[in-house]
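Engineer: So the sequence lines, in the order shown, correspond to chains A and B.
If you count the first sequence from 1, position 134 lands on 133 in numbering that gives the first Met the number 0, and the numbers rise without skipping.
If you count the second sequence from 1, position 39 lands on 38 in numbering that gives the first Met the number 0, and the numbers rise without skipping.
Because the hints were derived from the structure by calculation, they are not lab data.
There may be inaccurate statements among the hints.
Listing some non-contacts, in silico: residues in chain A with all C-beta distances to chain B over 10 angstroms [as the list claims (entries may be wrong)]:
#1 Gly8
#2 Glu38
#3 Arg124
#4 Glu175
#5 Ile217
Per the computed footprint, the stretches of chain B lying under chain A, defined by three or more beta-carbons under 8 angstroms from a beta-carbon of chain A, are [to be verified]:
#6 14 to 27
#7 30 to 38
#8 42 to 53
Have a look at the derived ranges for each label pair, beta carbon to beta carbon [unchecked claim]:
#9 B:Leu49 <-> A:Pro52: 55 to 61 angstroms
#10 A:Leu162 <-> B:Pro8: 41 to 47 angstroms
#11 B:Asn36 <-> A:Pro157: 20 to 26 angstroms
Ideal Cβ placement from N, Cα and C applies to all residues, glycine included.
Here is what each chain is made of, one letter per residue.
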Amino acid sequence: MTDALTLAGNQYHSRLIVGTGKYRDFAETRRAVEASGAEIVTVAVRRVNITDPGKENLLDYLDPARFTILPNTAGCYTADDAIRTARLAREAGIGTLVKLEVIGDDKTLFPDVAATIEAARVLVREGFAVLPYINDDPIAAKKLEEIGCAAVMPLAAPIGSGLGIRNPYNIRIILEHSRVPVIVDAGVGTASDAAIAMELGCDAVLMNTAIAGAKDPILMAEAMRLGVEAGRKAFLAGRIQRKLYATASSPIEGMLGS
Amino acid sequence: MRVTINGDPRDVPEGTTVAGLIHHLQLNERRIAVELNRDIILREHYTARLLADGDEVEIVHFVGGG
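Chain B extracted, bound-state conformation:
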């Protein structure tokens, strides 16, 4: 199935969870925040939350800023 991650279309296997996606992308869970279709996904829900075809995922972190 196809999901959009940070504006970038990606194919991911059926049954991929938010936690699975984070692991696949090699992102450190501690320092990111995830939105799924504009809703923030709480950290404790990463392992349970399944992605669906057409989902829009935003993954953000902190960068230098003023």
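In isolation and in its complexed conformation, chain A is listed as follows:
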């Protein structure tokens, strides 16, 4: 596979990872996932509704044999809760991948870095492939890599904010020092944001709201697929240097009257 994303020992064509929250129904979720081309999809772990157990299950629409299901620990505010959620997710039969989120504050949804590191340490020891959601903080990224996380996932901007990459310089520093995949997670608003992340050299982009919240989620899913692909190709191609003055594209020689 040329230019594959290698994550936790598996190879993927797509560098776009999508969430499955906030869609109208499971059918729309599936159509958006299909349009995005994503091979990895995130899911949340929640209580079964025992008063109405006949309800359809998300995984009836997203076949785990075809997609890599990445359970998250969204909504957890302590290391213990995140560890508990990750263990439950594994027992539900999906595998050892986990998107580790330990939230520090409900207004910003910024991560509690200390608690994230604490939880990552336990989960790595238990054999999980941990993908931690973190700030655009090179030090936190380094520590999580040293613990043995399978990737680091710095935010572009607050979850669901759609602000795009607020601090490309920090992302660049993380990229320069990281030996595990760097996945921009959260804060992307539109296709150009995804392209910028990929042009910086990120290995993948993870998003949910930017697609699910768009007026036409299916079309936006396709736009994101193209944005990620364009950004990746531009990164590999190597962009020209920025210059203050013009450089003519047409030859100077052979002008009329010269």
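Dock chain B against the given chain A, drawing on the hints supplied.
Structural biologist: Just chain B now, kept in the frame of chain A:
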């Protein structure tokens, strides 16, 4: 006897196992995980594990999320 399932008190017959409870609730075993008094119950133990009065059971599955 009375057990609490996902925060909801329920009466179940004496001798109910985890497997029996899952069957009673019509849940598909494959896509859930079960905690009994904060301990995860492995799938292979569902049929042997008996519930006791006052037990707290959590049954989770996957939902849409980011």
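Engineer: Can we confirm that no CB of chain B comes within 10 angstroms of the CB of glycine 8 (chain A)?
Structural biologist: Check passes; 22 angstroms lies beyond 10 angstroms.
Engineer: Holds or violated: the 55 to 61 angstroms window for the beta-carbon distance between leucine 49 (chain B) and proline 52 (chain A)?
Structural biologist: This hint is violated: roughly 22 angstroms between Cβ atoms.
Engineer: Taking the shortest Cβ-to-Cβ distance between arginine 124 (chain A) and chain B, state whether it exceeds 10 angstroms.
Structural biologist: Since the minimum Cβ distance to chain B is about 16 angstroms, arginine 124 (chain A) lies beyond 10 angstroms and the statement holds.
Engineer: Residue count check for the region 30 to 38 of chain B against chain A: does it reach three with CB-CB under 8 angstroms?
Structural biologist: holds (count 6)
Engineer: For the region 14 to 27 of chain B, do at least 3 residues have a Cβ located nearer than 8 angstroms to some Cβ of chain A?
Structural biologist: As far as the region 14 to 27 of chain B goes, the hint holds, because 4 residues have Cβ atoms under 8 angstroms from chain A.
Engineer: Starting from the range 41 to 47 angstroms, see whether the pair leucine 162 (chain A) and proline 8 (chain B) falls in it by beta-carbon distance.
Structural biologist: Holds: the Cβ-Cβ distance is about 45 angstroms, inside 41 to 47 angstroms.
Engineer: Three residues minimum, CB to CB under 8 angstroms: does the region 42 to 53 of chain B make the cut for coverage by chain A? Let me know.
Structural biologist: Result for this restraint: violated, n = 1.
Engineer: At 10 angstroms, judged by beta carbons, does glutamate 175 (chain A) keep clear of chain B as stated?
Structural biologist: It holds; glutamate 175 (chain A) is separated from chain B by about 27 angstroms at its closest Cβ, greater than 10 angstroms.
Engineer: Cβ-Cβ distance between asparagine 36 (chain B) and proline 157 (chain A): within 20 to 26 angstroms?
Structural biologist: Hint violated: Cβ distance 37 angstroms, outside 20 to 26 angstroms.
Engineer: Mind verifying the non-interface call on glutamate 38 (chain A)? Its CB should be farther than 10 angstroms from each CB in chain B.
Structural biologist: Glutamate 38 (chain A) is indeed farther than 10 angstroms from all Cβ atoms of chain B, at 17 angstroms.
Engineer: Just want to verify: isoleucine 217 (chain A) was marked as not at the interface with chain B; is every Cβ pair farther apart than 10 angstroms?
Structural biologist: Correct as stated: the minimum Cβ-Cβ distance to chain B is 16 angstroms, above 10 angstroms.
The structure fails to meet hints 8, 9, 11 from the earlier list, while all remaining hints are met.
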